[in-house]
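Colleague: Sequence:
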Amino acid sequence: MNIRSDAAALAAALGALACQPATTRPYFGPVTGAPQVEVRLPIPQATRAFADLLRGDTIPLLHLEPRDGYIESVWFDARTKAPTRARPLGPDVVQVRVWIDPGRPGFSRLTAETVYRPLADPSVDQRSLDRQVPPDHPVGARMKALVEGMVRLYGGPGEAGGGK
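Its first residue numbered 122, the sequence shown is counted upward by one per residue in the working numbering.
If you are wondering where the hints come from, they were derived from the structure by calculation, not from laboratory data.
These figures come from a predicted structure and were not determined experimentally.
Hints are not guaranteed to be accurate.
Said to hold, decoys possible - Each pair of labels, with its calculated beta carbon distance range:
#: 1; residue 1: 169; residue 2: 213; range: 24 to 32 Å
#: 2; residue 1: 243; residue 2: 269; range: 34 to 42 Å
#: 3; residue 1: 184; residue 2: 255; range: 19 to 27 Å
#: 4; residue 1: 211; residue 2: 165; range: 30 to 38 Å
#: 5; residue 1: 227; residue 2: 206; range: 23 to 31 Å
#: 6; residue 1: 256; residue 2: 207; range: 19 to 27 Å
#: 7; residue 1: 208; residue 2: 274; range: 31 to 39 Å
#: 8; residue 1: 183; residue 2: 211; range: 15 to 23 Å
#: 9; residue 1: 278; residue 2: 239; range: 30 to 38 Å
#: 10; residue 1: 145; residue 2: 249; range: 17 to 25 Å
#: 11; residue 1: 259; residue 2: 153; range: 16 to 24 Å
Virtual Cβ for every residue (Gly too), placed ideally from N, Cα, C.
Start from the sequences, fold in the hints, and give me the full structure.
Modeller: Pasting the structure below:
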């Protein structure tokens with residue numbers, strides 16, 4: 122082998138390691154308008170802590186992936202918070218998804234969307250139908266309060282630290 126082929130092999134190996142094809146996160150990011158905050162926790166701990174808050178608020182979880190920083194609920198009735206088999210159509214049936222991404226050193230950026238589908242259209246990708254609930258929606262307002270509560274519990278930028 123020569124230096125050029127060794128460099129190419131090294132570059133290919135590093136490129137393969139940089140990709141994480143085994144991630145459990147969806148290919149899309151949060152919708153516009155989802156509440157966001159930065160907390161003083163690493164991604165896995167922030168993911169578990171927020172999942173605990175969601176469970177405490179009786180949000181029915183479907184996926185929890187601390188390594189990947191992702192949480193997803195089932196589609197549920199916004200009034201009762203019970204999982205539903207009803208078609209996800211209108212603001213009475215919602216889903217919560219949470220992305221926890223790297224922030225500044227020692228911090229994670231948490232974004233929590235609460236979505237509904239205003240209409241059904243089988244000709245388009247279902248994700249393109251998702252809309253952030255309005256600010257006065259009961260589940261959306263609760264998610265905003267939980268997101269902001271993470272800073273009170275664990276600290277955020279410019280804070281001395283969290284309560285735990």
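Colleague: None of the hints should be skipped; say for each whether it holds.
Modeller: Hint check results:
1. 169 to 213: 24 to 32 Å: Given range 24 to 32 Å: holds, Cβ gap about 30 Å.
2. 243 to 269: 34 to 42 Å: 37 Å, holds
3. 184 to 255: 19 to 27 Å: The hinted range 19 to 27 Å holds for residue 184 and residue 255, with Cβ atoms some 25 Å apart.
4. 211 to 165: 30 to 38 Å: 35 Å, holds
5. 227 to 206: 23 to 31 Å: 42 Å, violated
6. 256 to 207: 19 to 27 Å: 24 Å, holds
7. 208 to 274: 31 to 39 Å: This hint holds: roughly 36 Å between Cβ atoms.
8. 183 to 211: 15 to 23 Å: The hinted range 15 to 23 Å holds for residue 183 and residue 211, with Cβ atoms some 20 Å apart.
9. 278 to 239: 30 to 38 Å: Between residue 278 and residue 239, where Cβ atoms are some 35 Å apart, the hint holds.
10. 145 to 249: 17 to 25 Å: 21 Å, holds
11. 259 to 153: 16 to 24 Å: The hinted range 16 to 24 Å holds for residue 259 and residue 153, with Cβ atoms some 20 Å apart.
Of the numbered hints stated above, the single one contradicted by the structure is hint 5.
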